[in-house]
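> Sequence:
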Amino acid sequence: MSLATGVGSMPGTTNAAYAEAVRLVLGELPDLPHVPELPGRGVIAAMTGRGLALADGLAADLQPAGWRLTGASGVDHRRAVSLLAQDLDTVEELAQGVVGAFKTQVTGPWTLAATVEKPRGDKLLSDHGARRELAQALAEGVRIHLADLRRRVSGVERWIVQIDEPALAAVANAQVPTASGFGRHRRVDAPELSAHLEWMVAAIADSGAEAWVHSCAPQIPWGLVAGTGVAGLSADLDMLGPGDLDVFAEALEAGRTAALGVVPSADPATPPSDARLTERVQRWFDMLGLDPETAGEHLVVTPTCGLAGATPAWAARAVRLSATVARNL
322 MSLATGVGSM
332 PGTTNAAYAE
342 AVRLVLGELP
352 DLPHVPELPG
362 RGVIAAMTGR
372 GLALADGLAA
382 DLQPAGWRLT
392 GASGVDHRRA
402 VSLLAQDLDT
412 VEELAQGVVG
422 AFKTQVTGPW
432 TLAATVEKPR
442 GDKLLSDHGA
452 RRELAQALAE
462 GVRIHLADLR
472 RRVSGVERWI
482 VQIDEPALAA
492 VANAQVPTAS
502 GFGRHRRVDA
512 PELSAHLEWM
522 VAAIADSGAE
532 AWVHSCAPQI
542 PWGLVAGTGV
552 AGLSADLDML
562 GPGDLDVFAE
572 ALEAGRTAAL
582 GVVPSADPAT
592 PPSDARLTER
602 VQRWFDMLGL
612 DPETAGEHLV
622 VTPTCGLAGA
632 TPAWAARAVR
642 LSATVARNL
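Numbered per our numbering, the sequence shown finishes at 650, counting up by one with no gaps.
A portion of the hints provided could be inaccurate.
Below, simulated SDA-like cross-link-like pairs (lysine to any residue); rule was C-alpha separation at most 25 angstroms, straight line [unchecked claim]:
(1) LYS439 to GLN496
(2) LYS439 to SER515
(3) LYS439 to PHE503
(4) LYS439 to LEU379
(5) LYS439 to GLY450
(6) LYS439 to GLN417
(7) LYS439 to ARG473
(8) LYS439 to ALA490
(9) LYS439 to ALA367
(10) LYS439 to GLN407
(11) LYS439 to ALA516
(12) LYS439 to ARG453
(13) LYS439 to SER501
(14) LYS439 to ALA491
(15) LYS439 to GLY387
(16) LYS439 to ASP397
(17) LYS439 to PRO351
(18) LYS439 to GLY462
(19) LYS439 to VAL396
(20) LYS439 to THR391
(21) LYS439 to SER475
(22) LYS439 to ASP510
(23) LYS439 to GLU454
(24) LYS439 to GLY502
It is worth saying that the hints were derived from the structure and are not from the lab.
Assemble the whole structure, with the sequences as input and the hints as a guide.
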C-alpha cells in the first residue's frame, strides 16, 4: 500500500497556526504524519535557523548578512532553540496515542554550509574544516533530537528523518555565491559530498530510524545520494531527469522508499483531480517497467515541495489530495 506524507513546511505565522498544522497532518496523514514547520513565523523558524537550533555544540547569531557562527549564542539563536522546543511540546500534546510511523525534517549539512557564515565572514562552505565540524555537530544534534522525539511520542515504532538539501546541487556545481557576490565558491568533490551525508545517515540509522534525503531542486546528484546508504529518496517528479528516474527505479526495486512530489505545492490556476495525479504516477511506473503492485508498497506520495507559500486552504487540500492519490494507488 502506498503512503502519503508532507514535505514539511506549512503556511502560517503564529503559534496557533502551528497547532492547526499539527492537527491537519495528524488527521489527514494518519499513516505517515510529520513534524510541521512554519517558516512564515520568521528567520528563527525558517530552514537555516531551525537547522542551527538542532546542531549540537554550535553557537550562532543573526547578522545583517544572515546567520553566523559565534563564540556564544545570540538572542536569535536562543529564540530558535526555544521555538523548536515549544513546537515539539505542541506535537507531544496533540500526538498522544499515535502509533506506527512518524517523520521529522532536518536541514542537511551542505545546505547549512552554503547558508551559514564563519565567525569572520563568508560561508562555512569556503573552509574544509569548518564544514566538517558543522556536519558532525549536526549529526550529533540529530541523535539528540530523535531521542527527544521518542520520549515525547512514545508509541511510534518507525521514525523517519528527512534530510533537506535544497542547496546540494549548487554546492556540487560551484553555484554558491561568495560574500562579495562577484564570485562562486569552488565545487565540493563527490567523496566529500558523500561523506558528510553519510555521517548524517549513520547517526540516524544508529538511532534506530530511517534516513531520507529530500530536495525539490533540479540537478541534484541523486546517484551520489543513493550511494550514501539512505533508506529513501524524496523529490519533485518534475525535477527528475532521465538518469534520476533510473536511480529512483533502482531504489524501489531494492526495497527502498521513493517519495514523489506530484501534488502542486502552490495554489494552481486549475486544481488537478486525484484521478489525474494517480494516472501520472501509474504512467511513471509503466515508463520504468515497474510492477505497481510490488513497487507501490515502497512509494510515498507528497506535494512537489513545501507548502509554506500556499494559502491555508490549498495547503489543506494538497495534503488531502496526497492522501487520496496514495489510497488510489
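> Does GLN407 sit within 25 angstroms of LYS439, going by the straight-line distance between their CA atoms?
violated, 28 angstroms
> CA of LYS439 to CA of THR391, is that 25 angstroms or under?
Answer holds: LYS439 to THR391 is near 8 angstroms, not above 25 angstroms.
> Is the Cα-Cα distance between LYS439 and GLY502 25 angstroms or less?
Holds. LYS439 to GLY502 sits at ~16 angstroms (cutoff 25 angstroms).
> Between the alpha carbons of LYS439 and SER475, is the straight-line distance 25 angstroms or under?
Judged against 25 angstroms, a Cα distance of about 38 angstroms means the pair is violated.
> Given the hint that LYS439 pairs with ALA490, does the C-alpha gap stay at or below 25 angstroms?
holds, 21 angstroms
> Is LYS439 close enough to VAL396, meaning Cα to Cα at most 25 angstroms?
holds, 18 angstroms
> For LYS439 and SER501, compute the direct alpha-carbon distance and say whether it is at most 25 angstroms.
holds, 15 angstroms
> Is the Cα-Cα distance between LYS439 and PRO351 25 angstroms or less?
violated, 41 angstroms
> Take the C-alpha atoms of LYS439 and ARG453, compute the straight-line distance between them, and say whether it is at most 25 angstroms.
holds, 13 angstroms
> Would you check the hint for LYS439 and ASP510, treating anything up to 25 angstroms between C-alpha atoms as holding?
Within the cut-off at roughly 21 angstroms; holds.
> Quick one, are LYS439 and LEU379 close enough, alpha carbons at most 25 angstroms?
holds, 11 angstroms
> Straight-line Cα separation of LYS439 and GLU454 no greater than 25 angstroms?
The given pair, whose Cα atoms are some 12 angstroms apart, holds under the 25 angstroms limit.
In summary, the numbered hints that this structure violates are 6, 7, 10, 17, 21.
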